Amino acid sequence: MQMVDFVFRNELIKEDFSLNYCYQCGTCSSTCPVALITNGEYNPRKIIEQSLLGFKDLLLKDQTPNVWLCCTCQMCVEECPQNVFLTEIFEAIKNRIVLLGEPYPETYKAQAKSVLENGLAIPLTQPIIRRRDQLGLPNVKSANIEEITKLLETTNFKVKIKFLEESK
Amino acid sequence: MSYNYFLGCVIPGRLPFLEASARKAFEKIGMKVGDQANCSCCPDPTGVAQLDNESFLVLGARNLCLFEESNNNILSLCSGCSETLKTVKHILDNDNEKKKKINMKLKEIGRNYKGKVDVKHFAEALFENIEKIKKMVKKPLKDLKVAGHPGCHYLRPSEIINWDDPLNPQTLDKLIAAIGADPVDYTLKSDCCGNPLEKSDKDISLTMLEYKLQSMKEAGTDCIVCVCPACYQQFDFNQKEVNKNKNTDYNFPVFYITELIALALGIDEETLGLNFHRIKVKEILQKIS
Numbered sequence: 144m145q146m147v148d149f150v151f152r153n154e155l156i157k158e159d160f161s162l163n164y165c166y167q168c169g170t171c172s173s174t175c176p177v178a179l180i181t182n183g184e185y186n187p188r189k190i191i192e193q194s195l196l197g198f199k200d201l202l203l204k205d206q207t208p209n210v211w212l213c214c215t216c217q218m219c220v221e222e223c224p225q226n227v228f229l230t231e232i233f234e235a236i237k238n239r240i241v242l243l244g245e246p247y248p249e250t251y252k253a254q255a256k257s258v259l260e261n262g263l264a265i266p267l268t269q270p271i272i273r274r275r276d277q278l279g280l281p282n283v284k285s286a287n288i289e290e291i292t293k294l295l296e297t298t299n300f301k302v303k304i305k306f307l308e309e310s311k
Numbered sequence: 040m041s042y043n044y045f046l047g048c049v050i051p052g053r054l055p056f057l058e059a060s061a062r063k064a065f066e067k068i069g070m071k072v073g074d075q076a077n078c079s080c081c082p083d084p085t086g087v088a089q090l091d092n093e094s095f096l097v098l099g100a101r102n103l104c105l106f107e108e109s110n111n112n113i114l115s116l117c118s119g120c121s122e123t124l125k126t127v128k129h130i131l132d133n134d135n136e137k138k139k140k141i142n143m144k145l146k147e148i149g150r151n152y153k154g155k156v157d158v159k160h161f162a163e164a165l166f167e168n169i170e171k172i173k174k175m176v177k178k179p180l181k182d183l184k185v186a187g188h189p190g191c192h193y194l195r196p197s198e199i200i201n202w203d204d205p206l207n208p209q210t211l212d213k214l215i216a217a218i219g220a221d222p223v224d225y226t227l228k229s230d231c232c233g234n235p236l237e238k239s240d241k242d243i244s245l246t247m248l249e250y251k252l253q254s255m256k257e258a259g260t261d262c263i264v265c266v267c268p269a270c271y272q273q274f275d276f277n278q279k280e281v282n283k284n285k286n287t288d289y290n291f292p293v294f295y296i297t298e299l300i301a302l303a304l305g306i307d308e309e310t311l312g313l314n315f316h317r318i319k320v321k322e323i324l325q326k327i328s
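Order-wise, the sequence lines are chains L and G. For the first sequence, the working numbering begins at 144 and goes up steadily by one. For the second sequence, the working numbering begins at 40 and goes up steadily by one.
Only chain L is shown next, with the shape it has when bound in the complex (with noise of 0.2 Å):
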């Protein structure tokens, strides 16, 4: 059985106030575009109701509703009547997710890999570069990887998203 987490909970509400004001009103989830897809098994409403509830183990190990499949078009916090930040709050759900070393989608981790490696998201390729040249474009000058490296060193970033472990 799931049992109130005050800490949790309260450890949400330090992330993003605005949790606070929910009245679950249900607006959030009529809004969702992946709510109505996935006939409500995707449901913003609920995961706040559970955040509100401090449900950690069901938002954070089970995942249900998967907080991953936000889409981040934010039209549930324009349309909250009570001004909810949900995507900050959902934010903040999946930094704990990857924190605790639970599952998330590997493409996430494709790229904080490429983003560690290269500064970039998308390094530029060989035909790229040729590419841009048929086109009369300057050379891209990227940062230079060290200074990314020594800066995500202070956030302590390969350790949190578990760099070096397989993934589950």
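Simulated from the structure, these hints should not be mistaken for laboratory data. Note that this is a predicted model, so its numbers are computed, not measured. Glycine included, every Cβ here is placed at the ideal spot set by N, Cα and C. Among the hints, erroneous ones may be present.
Computed beta-carbon distance windows for the label pairs [unchecked claim]:
hint, chain 1, residue 1, chain 2, residue 2, range
1, L, 301, G, 66, 38 to 44 Å
2, G, 324, L, 301, 30 to 36 Å
3, G, 284, L, 299, 52 to 58 Å
4, G, 290, L, 281, 32 to 38 Å
5, G, 290, L, 277, 43 to 49 Å
6, L, 149, G, 74, 34 to 40 Å
7, G, 110, L, 281, 16 to 22 Å
8, G, 256, L, 184, 23 to 29 Å
Partial list, derived from the structure: chain L residues whose beta carbon lies under 10 Å from chain G [as the list claims (entries may be wrong)]:
hint, residue
9, 146
10, 163
11, 164
12, 179
13, 181
14, 183
15, 204
16, 209
17, 230
18, 233
19, 237
20, 252
21, 254
22, 271
23, 290
24, 307
In silico SDA-like cross-links for lysine to any residue, where the CA-CA straight-line distance does not exceed 25 Å [as the list claims (entries may be wrong)]:
hint, chain 1, residue 1, chain 2, residue 2
25, L, 256, G, 154
26, L, 303, G, 140
27, L, 284, L, 302
Fit chain G to the known structure of chain L by using the hints.
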């Protein structure tokens, strides 16, 4: 203060022809935009931010610093990048504690964020020049029906983006009309294209795209116009996927608004790299010639 481009990752690394059209369009309307060296990934508001907010803030703040140091404002060619940079700026400018914390980290690489840089999405800059563009049109795109897709991060969250109507967007359609084309009104105009969900559920992502395409088709459009490379990829690369998975036959050419503006201002189409589009644009070019 002058502007430098923030190119991001997707446009220079995958869709350089979109960059070519933007550079040509801005040059033509007489807006001088420089280049900024040393940028990293913005980082992706739908990617890195979801893994670790702190890393999102430091990488974003570092990019802001580069422009501050060179005394330039930011002109972003991508909605994701402009959302990230606007968000990081908003957070650091309004939360002194966080700003201090992030600056402590930036100190390790000899940088410091002050908060004097302005971030602009390229379509905002085009819209500010709309009267000029109207006057400069050489080849009005008459009778061309265009479904404008403003996309999410160009508009929302409105508290931070502070631009256009987040639920009933107008600026893109006005730009389409400014070059003589006909912006079509369709039901799902302010909806998401589905691109961010490619990372976690391809099927939902394609269904979202299918809904958009259906809505555009019902409104009788000839082509689609975007202001974000992620949306551009979703529409240009994935229409085929939708057809394969959903038994449909969509084949709408997809443009960046800078491409249509460049064409209307009389820029030679041969220099725009339109041949790199996945869905061929030849019929549209014939229609407007």
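task: Hint by hint, work out which the structure violates, then give me just those numbers in ascending order.
output: Violated hints (numbers, rising): 2, 3, 5, 6, 9, 10, 11, 14, 15, 24, 25 and 27; every other hint is consistent with the structure.
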